[in-house]
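Trainee: The hints should help you fit chain B onto chain A, whose structure is shown.
Protein sequence lines correspond, in order, to chains A and B. First residue of the first sequence: 6, per our numbering; consecutive thereafter. First residue of the second sequence: 1093, per our numbering; consecutive thereafter.
Hints are computed from structural coordinates only; laboratory data are not their basis. Where a beta carbon is used, it is the ideal one built from N, C-alpha and C, also for glycine. Where hints are given, some of them may not hold.
Said to hold, decoys possible - Calculated pairs, DMTMM-like style, for lysine to aspartate or glutamate (alpha carbon to alpha carbon, straight line, at most 20 Å):
1) A/LYS63 to B/ASP1284
2) B/LYS1603 to B/GLU1430
3) B/LYS1219 to A/GLU56
4) B/LYS1321 to B/GLU1430
5) A/LYS63 to B/ASP1281
6) A/LYS106 to A/ASP89
7) B/LYS1321 to A/ASP321
To be verified - Partial list, derived from the structure: chain A residues whose beta carbon lies under 8 Å from chain B:
8) GLY36
9) ASP40
10) ARG48
11) ALA52
12) THR54
13) ALA60
14) ASN71
15) PRO73
16) TRP75
17) GLN77
18) ASP80
19) PHE97
20) SER101
21) PRO173
22) ILE280
23) SER295
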Amino acid sequence: MKWIYRRAILALLSISFTVVLTFFLIRLMPGNPMDYYIQILMRSGRARTIEEAIARAKSLMPVNMNDPIWKQLLDYIEGVLHGDLGRSISSFTPVSEIIVKSLPWTVFISSIALTLSFTIGTIMGLVLAYKRGTRFEGFSVAALTVFGAIPNYIMALILFYVLTIVYPILPMRGGYDSLIPVGLTFEFIVSVMTHAILPVASYVLTDFAGWALGIRAMATTVLGEDYVTVAKARGLRESRIVTNYVGRNSILPQFTGLVLSIGFLFGGSPLVETIFTYPGIGRFFASAVSARDYPLLQGLFLVLSITVISANLIADILYTRIDPRVKVGD
Amino acid sequence: MKDGLRNKLVVAFVMTALAGTFFMNLPLTQAATKSPVIFVYSMEANFQPEGHFNNYAETGYIGHAAVNMIDQLAPHVLGTTDFYPELATSWNFVGEWLVVKLRTDVTWHDDVPFNATDVWSTFILHKIRGYSEWGSNIIDDVQVVNASAVKFHVTGLHDLALNWLLSAYVNGPYHVYKTYVDAFIAHPDTADAISVDLNAFTPRSVAQGAIGTGPFMLSNMTESDLWLKKFTNFYAADKIVIDYIHGIKEPSNEVGWGYFFSNTADWGEPFAPVPVATVLNASGTKVFLAKQTRHDFVVFNFKNPLLAQKAFRQAFAYALNRTELVLSANYPVFHASEDIIPYSEFYIKNWLNTTFLNSLNKYEYDPDTAKSLFGSIGLTYNDQGQLCYANGSVVTLYVKFPAPWTDVALMMANVATQLNRVGVTVIPLALDWATVDHAMNIGDFDLVWYTAGGDHPYQQGFDATNGYGFPTYGQFPTVITWQGSNFNLTKFFVDWGKATSVAAETPYVAKLAQIYNDYLFALPFSDTDTMFYGSGRFIYPPSYDTAWMCNEYARGIIVAQLLMPGKFQLNMTYWTVPTEAPAQTPIETYIAIGLAVVVAILLAYIFLVRKK
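Bound conformation, chain B alone:
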């Protein structure tokens, strides 16, 4: 190396070192300060416009953490006929009227007192929107009795009405939505126009947009982050141990788990398997898994003559090893359906006892039975072991499912693999959501994946036989041949709809279970046990004051509760809530270092290149 060049390099290095030393002398750590307790919750979400929140905009799904902002009247206790008091203190039927009495110590997040008009206003907003309790003829009127009582005129099943009305979130404060509610009362025929206007209503401040009475209130919302802060006037505020909930939006499950395992999030949805198991197995925990809150089905297209045959559907059920199927998803919250009944445990402990369930055919994996059933309807096998029609053409079925849900895609690919083993040629097609929905709507499928959350058996059965809820062409026939004669399902549900007590409904539930099990309208293969998860179900009611933290949607709070000193401690680093801010390198230091490098490069350039 030439001497000149060496000298210039030395100069450049010295200058770099000097500049670096100068800038590196900036304080590398910030003084540790007391920090608020922040619970970071990773969630699937689709936020409304930045900074706005309107509970009655038909847009934006801000994730489960946000439900900490609102309360229910009395959430349903899963697997029982009980409800737990939240905003409601009692409820009784007086003739056809359900009278609900309310707490009197509740305020909205803008400190306006909560009263019966707000409950009335909420249900009027539901009516504008066409919510189910009105559309399904559960109620036809709601009235304010006094400041702390409201009554509903119930026209449908009492049991179903209780569930839908008491489990409803109260989130339509009259003083915020007055314009829309009053407009509808004055002109009920303008509901559609008001509904559109409601979408565009964007409250910009807490005072304008008080959306709840819950333990946390909206603080800030950007495209990627939701901040809730503790509501100090909450009626059980002394029980809240965290100051903020920071909801972070996850673009996919995998990225959400990345947040979780990098300690960016304390908890999230869907839950990574290891923490779920740890929480469940930890001693002293009051958290448990909600059983069977979601069911995954294979739905058959009844327009396909082959699939319209009960024997083929039953063969299909015997040909599938449901345990292998759910294991293929590699996600432990799925487990193989034990009974081929698609309904959740909503009241099921009261309605279907173990003995009755055990008497049903479980369709255990039995490929030989499957093959003999195929033979019973005239199907044969060719030399290559492929199942064929009598004319020799190969039986080929297309199964469609949404590619974006990787666990579902894995399971449905496994359906194809397993059926191929018994000679059925099944071609799996992974598509985008809208395409799958479209295929279901127009009946462009042989088999399609479908999922349903647990709901009242009456509602699910009614919807399915009437073409609702299940894909078109996959719906239940209204008249079936069952036990040797025609059975009219429509009439069955009409009769059931007249029942006004759980006892009166019990025989209907039992019969539906038998029919479903025998007829196999669709094949449920996976029941999902979900931690703090479902669709409007209450999980665990340890006491009145902590009821708010046990709602499944408030799972963020449940976990936060676990962090209470002395109550519960998990031996996992990501459960640690720091009381002091961790020492951090200030960003200015990085900038200074960057500048030093730039200066060094410039000097090197001047000395090494330009002079030459």
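Chain A extracted, bound-state conformation:
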């Protein structure tokens, strides 16, 4: 147990360090939210003079914007400890409200995508390992390499073009049909599911290949082990050999990757969510970076830091349970 406590404390320290580091990093980006917003007002013609633009932009900025940087950091840490992440400069909405509203959408599509890509990839990898040396394997590995090399936002654009413009059979944008009242109705749930298809497909079609190639490599090694040969000699069914003998022993590295991926579920993809105007957290990442929205960026990085570092911790803990060979000393 002491080991777990130590790891938990280390995780807390890592989160704190990340929060402080990101606080400074985002301020090292060229520009600042005030200048950016003034230019937006001037360019768009929404403000006719610079004085007007300055006055309007000023009303959005945090009150401590002109304080020394160390004081801004202390204010931020104090706010975080009190559960106050500040207000977004872009929308003047509390950052916590943005996170609470957008996070479920991202987790929804990301978790489905991760589950599907992991499952499909794992099954496919095992099959490929079992069919090693065949033409099927050669063709499949080539195809997987290609799919794995495509960034998810390129896949998103392809899917957007093919399935919403050329063959308009799926919704183009949004999390649900804006005409359907929000609620736990069949109609709304169906709408949510159909709107999730393209974002999920963008992730799955580019991610499953990595899982498949990973487990194929492991399973190929395992297949050469004596106990597999013995199992075959005993006349066990192939399905049992694949699942119980090969699959189980190949899955450990996959499992580590899976748990680590869970941490990134909470970050979303800025580009994919932007392409489909999906109301998730990734879209806010994209807009917050563009607008130099410091409070929102800090809040989003805080969430991402907590989830990724927590996932690492959980992976460490679970690994000791799954693989009896892994021992932790006090």
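Mentor: Chain B only, in chain A's frame:
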């Protein structure tokens, strides 16, 4: 194949077929029903929190379609000195007071009657926010005369005041914003705090959040969609032929065009080239292109000794083929600037006649003249044909521009290409918006792209010479050498600011045009003709009752008007407004088919795998 396996496969296929047949028997089409007329408008937007709308929140830009919710007092008619009556019926100067009389048959979207207090309230909200008419000393007071008249005390150019005041949108209903307006009247020194509070005010219902008197009212707003519905009490409601405007948010121009060409949107912004040309060329259309509503410039950093020399800037202008430059953007609304004057056609037809404009140097593409001008300031060419300083070092300039605007990026990359041809080494840097803005602010550039919408020449010139509106370090010097002597631009604008009529302003406009043309503070290379687009400009006033639909921001409505039966028909499928809902496959059918497939897979698994 083994017999057993074959049998199992047959069973699986039969089961799949049975399940599929069962589910496919569900009705594949819905009964066609009468549908409301919906106009779908794709737009750049950044919505406020879901379901909320507050016109005085300094957040959220809900796109041009939303402007159908509000009216102006009297929009400016582009290229003239005229204004067209909308909420105002007349306007007259009485001494220093501008008296505006209002319509009496207008109501807000919550059916509260509109009156002069609402106009007063709107301008008080402008004052809280620091809007230009107050900040630039155009007015210093606004008062209610009676329920249907309001007056403004004008302290600046009458001409400019008319434009800013009459073209203002009236969107601050007193009964909605009473708390903030009253608080400011009681404590004017708290404007900054009230301004912050205004950002957080989020009306949640139409009754609380009546934001307009226009033909459409807010119905629903999500992160990606805006729904407006017809306001049945609008004073010209009988002219409205559509029931809903559905504004769909486009994350980029390219995606917006995707909406358009997949028939998801009836119209959108920015406009795809083909429909623009079709609309303009169709017979009977009353829509036309607004000329020169935006100008793209190359701005020079005057801190760079080379760029501070007029001869170098002029050589720069001769070295650029502006036609090639705008063609590189592959977007037909851009056209090469004909005159090196950055100002819009705001009143220009009155002020600068064709003869005068023709007398100005047009800086036609002439690389030889460019090279000789380079030579005139001591620059030479090395063996590789690169332009060099007298000490032999290569002249190298960095040009910065925003990567997210692909048309601008293409044009500025072309600037580099063309200047390289005359030996100037130009390195293009495509950056994100905030970085470009930052570079402009701190003067970290040699050349930078900039754009400006058309505005009153006085205001643009005044701002530019005072370091406003133009990037810092790219602003006009306040004193220049012109026609052999020092010319004080600050004094020039002070004198101009005393004019109270168009006639009195005319000589100033002419002189500014001459100075600008000769001195080349910046190089305008592209004028944008924009359909129903600009920054507060009126496009076309066919009649009083349809004035609302001709405002440039109400372009969605203009296009909707084109759909009126018998008025205008375009031979394009995406202009067709269906009167009946198209037959659709209900989503349940897809689910049923999906379930059938799942059942089939399960059965196949049971028969083929488990039993083995």
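Trainee: Compare the structure with each hint and give your call.
Mentor: Structure-based check of all given hints:
1. A/LYS63 to B/ASP1284: Within the cut-off at roughly 8 Å; holds.
2. B/LYS1603 to B/GLU1430: holds (18 Å)
3. B/LYS1219 to A/GLU56: Judged against 20 Å, a Cα distance of about 12 Å means the pair holds.
4. B/LYS1321 to B/GLU1430: Not OK: B/LYS1321 and B/GLU1430 at ~43 Å, beyond 20 Å, violated.
5. A/LYS63 to B/ASP1281: holds (16 Å)
6. A/LYS106 to A/ASP89: Measuring from Cα to Cα gives roughly 16 Å; hence the hint holds.
7. B/LYS1321 to A/ASP321: violated (56 Å)
8. GLY36: At about 3 Å, which falls below the 8 Å cut-off, the nearest Cβ of chain B leaves the hint on A/GLY36 intact, so it holds.
9. ASP40: holds (5 Å)
10. ARG48: It holds, given that the least Cβ distance between A/ARG48 and chain B is near 6 Å, below 8 Å.
11. ALA52: At about 7 Å, which falls below the 8 Å cut-off, the nearest Cβ of chain B leaves the hint on A/ALA52 intact, so it holds.
12. THR54: Result: holds, 4 Å to nearest chain B Cβ.
13. ALA60: holds (3 Å)
14. ASN71: violated (14 Å)
15. PRO73: Since chain B brings no Cβ nearer than about 20 Å to A/PRO73, farther than 8 Å, the hint is violated.
16. TRP75: violated (23 Å)
17. GLN77: violated (18 Å)
18. ASP80: This hint is violated: A/ASP80 lies away from chain B, its Cβ roughly 17 Å from the closest one there, beyond 8 Å.
19. PHE97: At 4 Å from the nearest chain B Cβ, A/PHE97 passes the 8 Å test, so the hint holds.
20. SER101: Result: violated, 13 Å to nearest chain B Cβ.
21. PRO173: Holds, because the Cβ-Cβ distance from A/PRO173 to chain B comes to roughly 5 Å (cut-off 8 Å).
22. ILE280: holds (6 Å)
23. SER295: holds (6 Å)
Going down the numbered hints, you'll see the structure goes against 4, 7, 14, 15, 16, 17, 18 and 20, while the others check out.
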